[in-house]
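Novice: Each chain, written out:
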Amino acid sequence: MHPDDSRKPIQVNEPSENHNTLSKFRLDIPVELTAFLNSAVARIGYLFPTARIDARDGYLEIGLPENLDFDDFRQQLFYSIYREKIREEGKDSRHALNVAVFGQ
Amino acid sequence: MKVWPLKFREHDHGELLFTNEAGGFFRSDQRFLERYVDGILTDDDFEFLRRHGHAYRDTSDAAFDGFCGRWARRINPVSKLNYFILIPTLRCNLTCDYCQVSRAPETASGFDWNDEILRQFLGSLSKLDTETIKIEFQGGEPLLRLDILEEVREFCRNNFRQAEFVVCTNLQSVSEEAWEFLGAADTFISTSFDGVEEVHRSQRTKESVVHSEFRSNLQRAFSEFGTAKVSALPTLDVHNLPDPDTVIRSFVELGLRSIYLRRVNYQGFARKRYDFRDTQEAWMEFYRRFVDRLVEHNWENDDAVEEYYLSHLLRRIFRTGVQNHVDLRNPNWLGYDYLVVDFDGQYYPTDEARMVSRIGRLDLSIGDVDSGIDARKRDVLNSAASNFEDPDCIHCVYQAYCGPDVIDDLSRYGRIDIPRHETAHCQHHTALFDFAFELIYSEDPKVQRSLGHWLGTPKYRTELAARLK
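Chains as they are written, first to last, in this note's numbering: chain A, 1 to 104; chain B, 1 to 469.
If you're looking for bench data, these hints aren't it; they were derived computationally from the structure.
The structure presented is a predicted model; accordingly, all values stated were derived computationally and were not measured.
Treat the hints loosely; a few may be bogus.
[To be verified] Just a few of them, taken from the derived set where beta-carbon distance is under 7 Å, the chain B residues facing chain A: (1) Lys2; (2) Trp4; (3) Val37; (4) Ala63; (5) Cys68; (6) Ala72; (7) Ser124; (8) His395.
[Stated by the list, open to error] If you want the footprint, here are the derived chain A segments under chain B, 3+ residues with CB under 8 Å: (9) 82-91; (10) 95-103.
[Stated by the list, open to error] Pairs of lysine to any residue, SDA-like flavour, derived with a Cα cap of 20 Å: (11) A/Lys85 - B/Met1; (12) B/Lys2 - A/Val101; (13) A/Lys85 - B/Ile40; (14) A/Lys85 - B/Lys127; (15) B/Lys2 - A/Ser93; (16) A/Lys85 - B/Gly39; (17) B/Lys2 - A/Glu88; (18) A/Lys91 - B/Lys127; (19) B/Lys2 - B/Ala22; (20) A/Lys91 - B/Arg31; (21) A/Lys85 - B/Arg9; (22) A/Lys91 - B/Asp38; (23) A/Lys91 - B/Asp390; (24) A/Lys85 - B/Gln346; (25) A/Lys24 - B/Arg9; (26) B/Lys127 - B/Gln346; (27) A/Lys85 - B/His395; (28) B/Lys2 - A/Arg94; (29) B/Lys2 - A/Thr34; (30) A/Lys91 - B/Arg57; (31) A/Lys91 - B/Gln346; (32) A/Lys91 - B/Arg249; (33) A/Lys91 - B/Asn387.
Every residue gets a Cβ at the ideal spot worked out from N, C-alpha and C, and that includes glycine.
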């Protein structure tokens, strides 16, 4: 997938105040990355405990407090997904490394 | 072609820093990151990654073996016990503002090793499976118990092929017998000098007469023994930081070319007197300013000066096997290759652990000279000695160069499982590594000249700061 295709079709709704004073956003996730979403969302929720993230079918519903900028948050969320993907796909190399160095 | 897993972090001017687990690094941009994540790297990408040690064809490839070797040499192995920090007395003849381990008054009793502790300690030395030994005498003021220092040194000289001794003294009151002791070729002096006379006096010596005595002893130490045998370290209060140029000038005048900037330590009793809140930013601002001045100094002078810890971080970035600083290793094994023996014979894994224990919140002792090492307690401490599987560190671009500090976490938070990025150790080292990489990628010839000095190379090669465009 072309990088522009994978990152730009993010539908961002206009911020709206809800009763918890969180601005709500919708973030579409490219299908190739959804396999890494659960671990990335777990991690990003831990890094940004005041944000609310609900995984839906192919997209995320995100609630952000005033002090979190959506663009920055989106960037960090995608970075988190990338990191999970890289780690997952690096398993074989890490295993080979451990076998070569420790013999197991 | 397979690419070793890369970690990344945003750096200057929209660039990203990429590192692998063996410590290789390069800078590139968002477009590369997306090609990498999408699995659509170009031939040029692969060629760059292969040439810089980030990729291999298969496990029979020399590039694979090379990576394994570099990765393995970054692992700090469990080593034989051959290094002791001894506290023969807690008594001291100064009352420094930030004394970290509750010194005892010079005339107090019950704060020295007794004959039994000395006998048991020497007995434990005789059981060691090592031919070399290093002993660091701390305190209190260790020269108050010169008799113990002499006995320990004599024992080590007679029982080990190679023995080295460091006396960490305030050089306040040094008898002729002590000067003679310090003059031996195998004995080194580590003292404190806060970089600016007024600061040293206000924080340590207090009175002019006392300060003059220290100053005279400091001069004598350097003139008699030289910088090969004498080192001096400043301790700085973040709320009262000195002028960097004055500190550099003072150390250069003493002939010293390495300055280890240390803040007042949070561990121990200093936390009661000093306000440590929100000091990280102020410290890093000063630290950067100090290094900037060092760079200027090194540009204008032939005798280059380093900030010790920055040089250490740079060496850990560029080289493998740099394990000579016990505060930053991975795994950072506790209670194996070195031990602290307190005035009462208790063993501690580090001096900071001793400080934490002295304030009574946590007992981090791991045995004593009588009963030996408490292996169970040591194992518990070492359960988090490594950053290899830490849920935060596994994603950190600096993982290969860094290492955990369990004692610091316990001291500050009473636990070791809080998010890394919220710990002082992580925040401080992230800021330091960010700064180190700023310097590595600097195009300023002044910075590059200093980098060459600090890395011990005749000339800093800018090709070391690789970029994938």
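Novice: It remains to establish, for every hint, whether it holds in the given structure.
Specialist: We went through each hint and held it up to the structure:
At a threshold of 7 Å, the smallest CB-CB gap from lysine 2 of chain B to chain A is about 6 Å, leaving the interface hint in force. At its closest, the beta carbon of tryptophan 4 of chain B sits 6 Å from a beta carbon of chain A; the interface hint therefore holds under the 7 Å criterion. Of the supplied interface hints, the one on valine 37 of chain B holds, with its beta-carbon coming within about 5 Å of a beta-carbon of chain A, less than 7 Å. Look at alanine 63 of chain B: its Cβ only gets to about 12 Å from chain A, farther than 7 Å, so that hint breaks.
A hinted interface residue such as cysteine 68 of chain B counts as satisfied when its beta carbon comes closer than 7 Å to some beta carbon of chain A; here the least separation is about 5 Å, so the hint holds. Residue-level restraint check for alanine 72 of chain B holds (minimum Cβ-Cβ distance to chain A is 5 Å; threshold 7 Å). For serine 124 of chain B, the interface hint is violated, the least distance from its beta-carbon to any beta-carbon of chain A being 32 Å, above 7 Å. The beta carbon of histidine 395 of chain B is positioned within 7 Å of a beta carbon in chain A (closest approach about 5 Å), and the interface hint is therefore held.
A stretch counts as covered by a chain when three or more of its residues have a beta carbon under 8 Å from one of that chain; for the region 82-91 of chain A and chain B the count is 7, and the coverage holds. Coverage of the region 95-103 of chain A by chain B holds. Counting CB-CB distances below 8 Å, 4 residues qualify, and the rule asks for three or more. Of the supplied pair hints, the one linking lysine 85 of chain A and methionine 1 of chain B holds, its CA atoms being roughly 18 Å apart against a limit of 20 Å. Using a Cα cut-off of 20 Å, the hinted pair lysine 2 of chain B and valine 101 of chain A holds, with the two alpha carbons roughly 18 Å apart.
Proximity of lysine 85 of chain A to isoleucine 40 of chain B is assessed by CA-CA distance (about 14 Å); at most 20 Å being required, the pair is judged to hold. A threshold of 20 Å between alpha carbons decides the hint, and for lysine 85 of chain A with lysine 127 of chain B the separation of about 51 Å lies outside it, so the pair is violated. Using a Cα cut-off of 20 Å, the hinted pair lysine 2 of chain B and serine 93 of chain A holds, with the two alpha carbons roughly 8 Å apart. Among the hinted pairs, lysine 85 of chain A with glycine 39 of chain B is consistent with the structure: their alpha-carbon atoms are about 11 Å apart, no more than 20 Å.
Between lysine 2 of chain B and glutamate 88 of chain A, the direct Cα distance comes to roughly 14 Å. Compliance with the 20 Å bound is thereby established for this hinted pair. For the suggested pair lysine 91 of chain A and lysine 127 of chain B, the alpha carbons sit about 44 Å apart, so the restraint of at most 20 Å is broken. Pair hint lysine 2 of chain B plus alanine 22 of chain B holds up; C-alpha atoms about 15 Å apart against a cutoff of 20 Å. A distance of roughly 24 Å separates the Cα atoms of lysine 91 of chain A and arginine 31 of chain B; the hinted pair therefore is violated under the 20 Å criterion.
Proposed proximity of lysine 85 of chain A and arginine 9 of chain B is supported: the alpha carbons are some 16 Å apart, at most 20 Å. Between lysine 91 of chain A and aspartate 38 of chain B the alpha-carbon distance is near 17 Å, which keeps this suggested pair within the 20 Å criterion. The straight-line distance between the Cα atoms of lysine 91 of chain A and aspartate 390 of chain B is roughly 16 Å, inside the 20 Å bound, and the hint therefore holds. For the hint linking lysine 85 of chain A to glutamine 346 of chain B, the alpha-carbon distance of about 48 Å lies beyond 20 Å, and the restraint is violated.
Restraint check for lysine 24 of chain A and arginine 9 of chain B: not satisfied, since their Cα atoms lie roughly 27 Å apart, outside the 20 Å limit. The hinted pair formed by lysine 127 of chain B and glutamine 346 of chain B meets the criterion: a straight-line CA distance of about 18 Å does not exceed 20 Å. For the given pair, lysine 85 of chain A sits about 11 Å from histidine 395 of chain B by alpha-carbon distance, which is consistent with the 20 Å threshold. The hinted pair formed by lysine 2 of chain B and arginine 94 of chain A meets the criterion: a straight-line CA distance of about 12 Å does not exceed 20 Å.
Between lysine 2 of chain B and threonine 34 of chain A the CA atoms are separated by roughly 23 Å; this puts the pair beyond 20 Å, and the hint is violated. This hinted pair checks out: lysine 91 of chain A and arginine 57 of chain B have alpha carbons roughly 16 Å apart, not beyond 20 Å. Between lysine 91 of chain A and glutamine 346 of chain B the CA atoms are separated by roughly 44 Å; this puts the pair beyond 20 Å, and the hint is violated. Distance hint between lysine 91 of chain A and arginine 249 of chain B is unfulfilled; the C-alpha atoms sit about 52 Å from each other, more than 20 Å.
Our distance criterion of 20 Å between C-alpha atoms is met by lysine 91 of chain A and asparagine 387 of chain B, whose separation comes to about 17 Å.
Hint check: violations occur at hints 4, 7, 14, 18, 20, 24, 25, 29, 31, 32; the rest are consistent with the structure.
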